[in-house]
Amino acid sequence: MGLLEDISSFLQQGRAPIVKEKVQEALDQGIAPQEILEKGLLDGMGIIGDKFKKNEIFVPEVLIAARAMNAGVGILKPHLVEAGVESKGTAVIGTVKGDLHDIGKNLVKMMLEGKGLSVIDLGVDVSSEQFVQAAIDNNADIICCSALLTTTMGEMKNVVAAAEEKGIRDKVKIMVGGAPITQSFCDSIGADCYEPDAASAADAALAFCS
Amino acid sequence: MRIHIIACRVFSRELNYYASQSPHIVDITWLPQGLHDTPEKLRQMLKSTLDDLYFQKERQMLKHWPDYIVLGYGLCSNGIVGLESRDIPLVIPKTDDCIAIFLGSQKRYLDLFEQYNGTYWLNSGWIETAFIPSKEMLDKRYKEYVKLYGEENAEFLLEQDKLWIKNYNSCCYIGSSVYDCPDYPLLAEQIANEYNWEYRRFEGESRLIRAMTEGTWNDTEFLICPCNHRVEATYDNTKIRAVPIK
Chain A
1 MGLLEDISSF LQQGRAPIVK EKVQEALDQG IAPQEILEKG LLDGMGIIGD KFKKNEIFVP
61 EVLIAARAMN AGVGILKPHL VEAGVESKGT AVIGTVKGDL HDIGKNLVKM MLEGKGLSVI
121 DLGVDVSSEQ FVQAAIDNNA DIICCSALLT TTMGEMKNVV AAAEEKGIRD KVKIMVGGAP
181 ITQSFCDSIG ADCYEPDAAS AADAALAFCS
Chain B
1 MRIHIIACRV FSRELNYYAS QSPHIVDITW LPQGLHDTPE KLRQMLKSTL DDLYFQKERQ
61 MLKHWPDYIV LGYGLCSNGI VGLESRDIPL VIPKTDDCIA IFLGSQKRYL DLFEQYNGTY
121 WLNSGWIETA FIPSKEMLDK RYKEYVKLYG EENAEFLLEQ DKLWIKNYNS CCYIGSSVYD
181 CPDYPLLAEQ IANEYNWEYR RFEGESRLIR AMTEGTWNDT EFLICPCNHR VEATYDNTKI
241 RAVPIK
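The listed protein sequences correspond, in order, to chains A and B.
Each residue of the first sequence is one higher than the one before, starting from 1 at the first, in the working numbering.
Each residue of the second sequence is one higher than the one before, starting from 1 at the first, in the working numbering.
To be clear, the hints were calculated from the coordinates, so they are not data collected in a lab.
Glycine included, each C-beta is placed from N, C-alpha and C at the ideal position.
All clues stand as given, with none of them false.
To list a few chain B residues with every Cβ distance to chain A over 10 Å, as calculated:
no. : residue
1   : Glu136
2   : Lys143
3   : Glu151
4   : Asp183
5   : Leu187
6   : Asn193
7   : Glu198
Computed far set for chain B versus chain A, every beta-carbon distance over 10 Å:
no. : residue
8   : Ser20
9   : Ile25
10  : Phe55
11  : Arg59
12  : His64
13  : Gly104
14  : Gln115
15  : Gly175
16  : Gln190
17  : Pro244
Taking lysine-lysine and the DSSO-like style, the derived pairs with C-alpha atoms no more than 30 Å apart in a straight line are:
no. : chain 1 : residue 1 : chain 2 : residue 2
18  : B       : Lys162    : A       : Lys77
19  : B       : Lys147    : A       : Lys51
20  : A       : Lys53     : B       : Lys41
21  : B       : Lys94     : B       : Lys107
22  : A       : Lys88     : A       : Lys39
23  : A       : Lys20     : B       : Lys162
24  : B       : Lys166    : B       : Lys147
25  : B       : Lys57     : B       : Lys41
26  : B       : Lys41     : A       : Lys51
27  : B       : Lys140    : A       : Lys53
28  : A       : Lys54     : B       : Lys41
29  : A       : Lys54     : B       : Lys140
Please work from the sequences and hints to get the whole structure.
Below, the structure written as structure tokens:
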């Protein structure tokens, strides 16, 4: 039990090399990969998410914690696959057409992965057709749209329309976020969810998948 | 007429200059640059500045009070949405951000945005007040990261900070007739070269800034929010409207 707590704690400190070592050590001791994931890595990332929501820590702390998590997951992945552990859901994510700002999008991606979801990252400047096609191709549960500019946020409406047009609107939840986005904007375009920060977005995404 | 402007410090050279030349009496309260990154904080700071102004008025600490309060802000990530006027009308430029104001119109900004998507805008105000991706500022940030998170994480964090750079393809410098330090366009060009961006220069246009200091605003390019109204987002091309406070 101490080892899993160590993994969680080193992850929270953003110490990627030690997290990697400790995950290997846990595997060597015969701890189940899923337990290492849940009680070590996802536990640590959950605490980071909560602290971030409360403004106790800031973006750099989240980034280094997420990096440490990825380092641990890298070691764990082949074992998880072997043990038949499935991801908790699939999200496609990107910044909307015309918007090239991906800092927030990358943060949400890391947080979603930190909740055990598979994330298909479409990058920046993603058209509504690309969002919807990727959701169809990957049988996604969620489309996550990010915009940093008031000049581009209107594109999110087109994503909702494209999902309706392709007949997947009832199968996929559409989440919107970014500095200028508000709940009233989310409601006005008929999207499913707006969250004000990356950690809350990950909580909401996980709830949609379970 | 008396005008009180609450403005982002990015406008300091232009607004100070045109305020000094205005036929009206113009007072300015400055807020720090960069609040557009955290629109909730921008809203709170604007609100507390308005509260402070009304406090001074109500306690008769002001010998004269303004006829209009003008915001030296565009939408700025919708940070101005939700603000309320009391017994002094509030005037707000209907632009997405300060770049449109420096360029002189929302239309010119949108045309350039369409034509040159992926443009990093700079001018004297940004160079003097904002975090810009110059070698000097990135080095400074790297050192801060090393101090806080250790060398290995510092390199990773700086890489993350620079990720957006690859998404951009040009740097445009907006010249100013108020003040143009010869070093500034050179710095903008240097940044463009560093990241293999194209460098362009456009001249600024002072009409919106002068409208703010001279009281020559119109209701197409500005929202003139009457007394006891709230600023509401329209989420269309009109951007914002005023609704009565119930």
